[in-house]
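Residue numbers (the numbering used here), protein chains in the order written: chain A, 2 to 601; chain B, 2 to 601.
Hints are computed from structural coordinates only; laboratory data are not their basis. Certain hints may be false.
All copies of an identical chain are treated as equivalent in the list; a pair is satisfied when it fits inside any one copy or across any two copies.
[Stated by the list, open to error] Calculated pairs, DSS-like style, for lysine-lysine (alpha carbon to alpha carbon, straight line, at most 27 Å):
{"no.": "1", "residue 1": "334", "residue 2": "515"}
{"no.": "2", "residue 1": "9", "residue 2": "79"}
{"no.": "3", "residue 1": "224", "residue 2": "515"}
{"no.": "4", "residue 1": "224", "residue 2": "334"}
{"no.": "5", "residue 1": "224", "residue 2": "79"}
{"no.": "6", "residue 1": "515", "residue 2": "146"}
{"no.": "7", "residue 1": "551", "residue 2": "224"}
Source: prediction; values computed, not measured.
There are 2 protein chains.
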Amino acid sequence: MSYVAPLKDMFFALTELAGIDRLAGLPGFEEAGSDTARAVLEEAARLHEGVLAPLNHDGDRNPSAWRDGAVTATPGFKDAFRQFAEGGWQGLQHPADYGGQELPKLLSTPCIEMLNAANLSLGLCPLLTDGAIEALLTAGSEEQKQRYVPKLISGEWTGTMNLTEPQAGSDLALVRTRAEPQADGTYRIFGTKIFITWGEHDMTENIVHLVLARTPDAPEGVKGISLFIVPKFLVNEDGSLGERNDVHCVSIEHKLGIKASPTAVLQFGDHGGAIGQLVGEANRGLEYMFIMMNAARFAVGVQGVAISDRAYQQAVGYAKERVQSRPVDGSAKQSVTIIQHPDVRRMLSTMRALTEGARALAYVAAAQSDLAHRHPDDATRAQHQAIYEYLVPIVKGWSTEMSLEVTSLGVQVHGGMGFIEETGAAQYYRDARILPIYEGTTAIQANDLIGRKTLRDRGAVAASLLTQIDATLAELDGHPSYRSSAAFQAMQRRLAAGRDALDNAVRFVVEHAKSEPNAVFAGGVSYLMLAGVVLGGWQMARSLLIAANKREEDPAFYDAKIATAHTYATQVLPRAVALEAALLGARQDEGMLALREDQF
Amino acid sequence: MSYVAPLKDMFFALTELAGIDRLAGLPGFEEAGSDTARAVLEEAARLHEGVLAPLNHDGDRNPSAWRDGAVTATPGFKDAFRQFAEGGWQGLQHPADYGGQELPKLLSTPCIEMLNAANLSLGLCPLLTDGAIEALLTAGSEEQKQRYVPKLISGEWTGTMNLTEPQAGSDLALVRTRAEPQADGTYRIFGTKIFITWGEHDMTENIVHLVLARTPDAPEGVKGISLFIVPKFLVNEDGSLGERNDVHCVSIEHKLGIKASPTAVLQFGDHGGAIGQLVGEANRGLEYMFIMMNAARFAVGVQGVAISDRAYQQAVGYAKERVQSRPVDGSAKQSVTIIQHPDVRRMLSTMRALTEGARALAYVAAAQSDLAHRHPDDATRAQHQAIYEYLVPIVKGWSTEMSLEVTSLGVQVHGGMGFIEETGAAQYYRDARILPIYEGTTAIQANDLIGRKTLRDRGAVAASLLTQIDATLAELDGHPSYRSSAAFQAMQRRLAAGRDALDNAVRFVVEHAKSEPNAVFAGGVSYLMLAGVVLGGWQMARSLLIAANKREEDPAFYDAKIATAHTYATQVLPRAVALEAALLGARQDEGMLALREDQF
């Protein structure tokens, strides 16, 4: 099934919702207005539609393969990655000083969406490389930056994040990999890392592993973890490749999805020790890793949007072709295409509403990040940074959980054919399932949303977002279309109820998290999902207003936007009150909190 | 991962909720009280835990294989099926006259649950055979019954249902397979059938295909479809096997899940015509097929319960072993098993609440079927039949959709390990995905619930169930525990809200289905899910009352039941209002109903 980048909706979100032209007024982004956006996105679409998307199903049928320590990527991937790299796409958001394009995150975000919609497995390689680049730029020495970053940006090399060990997943305090200091200032690394995405492959000549490990005198727990560069091949002073380092891929995992993306078990130091360089200061590794991780978390949220859109496109294509049964309203005597059946419409419309809502929220978040980095005013920067940080766990957690629903509906639209692997819908269902797990499970995102993003400022950022929603509600209320439009009325009613539910949730969290941590954290995922439903709904309400105002300019597009906002209001927003009840109800729930282990 | 039949909860549902001892008062069921139930279930548990469950993962890794028209089942399956057959399990609910045990459906239901929890792929073979037996008993001639039914009941042969063709899935009006009458009274069958579960295998010496086809003079559409017996090997007068019939398996599907269950493409008549016998009258095939299908639909609902329980057991096992992170409440300085973390408890408790609610509803439905068949009073029988028929699409649709959520949570509990196939959690996630599709998708169930089960009696059966819920609500309200129990209060509040939502939904459907069919059918799945959430909640409320009253008899069990009912009230029942909003909101939703095809 082919993929067509949803350029029109992407432009809508970029320009109308996220305000790309406002970013073009910021220092360093002068050239990054909507004209540039259009040119970049069209070029990106050509590559991803034409080169990466056609390989997606191949990657599932013919995954990366391990043999004698070497991993061979799916045929075609190496060449596709080369085209991606040569097009400069790895460097889109990275500094010009190291060969990047230095474009706003808002502009790189739709490109990341296209990449992952086209080919989620292949998209993971640049995603991890982005993380490695960010960590080196933040914490690396100038010499390290010069040696590694340009090659990563050019796509000559790729990067990895080595966190997880068999006993240390969500809990990095348990990391055991050792780093022994050597006389020459380097370290010898010993240990086993698992779940290393693209940890070994043949697409590039070198791989730069960033590895969490402990030095001999490090304190216990997360405060004793340091970050090391461990390249697959050592890099000489002149940048040429030296000896093979002592890091080896001993196996790759047999996974439910993203099969083309090799998930490596890496063994460090079985032959004398892998040579590593300390990045930044010792014992600050976790802090640096969080830089990578925060960028990656946002990108994984965008993966959720991406795979949802791909699943939607496939389902629409099938629903327009497949003929089955007469219409329930008796409007035809013959069987019709299934897109004419009301339940298929419900499924497609819900898929679309969720996808567009999550896309809008992600793009708006990206713009906040750009404002936080580039705005000349300190206080304004801080404000936008706080909003961005509040949104990251929501974009990551909600968009990815949402993608499970969308890809499942995608299978359902196909009926029995959806269960047959050749159809392709099942691959999205399988691939999506990793998204709420890696880079921090949804519960980890919820913990972050509660702890660092809600309690720390006692709900201040959340309150500022609620104020903005109130303004949108007032606009809906006062709009000339309100009285005659079922969409406006439904949105006003459901968004208002959702807004109140979110307000209650934030107050509840702030009030009870310290005194009843178990109760509040038991509802954490409900709080996160509630925030996603309401904030996505807020973006759909803003879309509805814009669409109503601009309708005459492009009736087909804006009518569809109004309709999709309406579906979001009727099919998605009502969940807010159920999620609020789940959060608040968890407080006294003996089922969750009071059962003994042996009663499970 | 091993499987342990949840005998205690099964007995609770059988005796306390579904009233098995009441059934033992019915003619023919004199021996089928709770003592018999205990003996049967314990024996069933031994077989399914010990023989079928250990083969489940093998079947996924080493699926049924096709070669030159023959299908070889996963190693071990043939012997396991032989033990199943020799134990008399295929005949549990079938008439003693043909070798069955003639036990109540209520008693066969937990056995079917165990079978499918142990091994969903293998369980499908008896499930389809049950359907074939029921159709032959209802519509076959005495000679046909004598020739086929005893061999099917003994498990010497198996049965299949041949409905689907490439162009005819949900829409059987499009069936094209031809049946040409012969001078000797037989027919020659020509055509292609797809998605035939266990349509070819080596577990038994013969396979009895029941096939929908058209005779030359048949009217168009569903009123021109007849049902034929087409055995793989012809059966001689003396019951011995004759020649190989002209039906051949040309391929099997490569599927997302239930891989050990061969899904066959069957070609009839490529070598002169497959010899078939008409079952019952010509052109009444669809009616007969619905007999098979209704039995199968209920059983598929039980499969949803079964796989949910299996996924729950696996997740609990992992959560008790896996050590990761310190408690959020600071109660320990060391990392603890993840079952101690609040979000893991939320997931496990929700999985459990959904599973127990769906189990209770299915068992209560089974008892209705028994009363409908055996009660001496005509009017009482009709009443129970109507309730059973209302519940079947809900048990099928809701329990299977619910299993998608439960198996997905099961993966999530495992974190990254859940995505690794060897862990086993992913298999349940994949296997479950077929359940809301086959034997009629959830939308087909919703259409049935609206059309035949709600509109036809203008909501009378639904109203009678609401009255029963009111009685339960009054019991909660008046119970001595009410004032001191958070569980009682939460249940009372949420069930009352759910009851009102269901009431509104039924009224809405009755009022608008004729005038606005598209709007109502667009909300059909929401109506079905709402009914499932509320009726399952009703059973959990009844469970809560019983548990509170009997607590002293077995505090560990009944406290857990109270806790689980509480979780159902806080985490599941609040969805009722969101589903009501989705149903009613679909009415004017332009997104679903007014968009042109080209706007999708």
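Hint check results:
1. With identical chains, the CA atoms of residue 334 and residue 515 are at most 27 Å apart between copies only, with a shortest distance of 17 Å across copies and 64 Å within one.
2. For the homomeric pair residue 9 and residue 79, neither the shortest alpha-carbon distance inside one copy (30 Å) nor that between copies (56 Å) is at most 27 Å.
3. Proximity of residue 224 and residue 515 under a CA criterion of 27 Å is satisfied intra-copy only: 24 Å inside one chain copy versus 67 Å between copies.
4. Only between protomers do residue 224 and residue 334 lie at most 27 Å apart by alpha-carbon distance; the minimum there is 15 Å, versus 71 Å within a single protomer.
5. For the homomeric pair residue 224 and residue 79, neither the shortest alpha-carbon distance inside one copy (39 Å) nor that between copies (57 Å) is at most 27 Å.
6. Proximity of residue 515 and residue 146 under a CA criterion of 27 Å is satisfied in neither setting, with 42 Å inside one chain copy and 70 Å between copies.
7. In this assembly of identical chains, residue 551 and residue 224 lie within 27 Å of each other by CA distance neither inside one copy nor across copies; the values are 54 Å within and 52 Å between.
Comparing the model with each numbered hint stated earlier shows that hints 2, 5, 6 and 7 do not hold.
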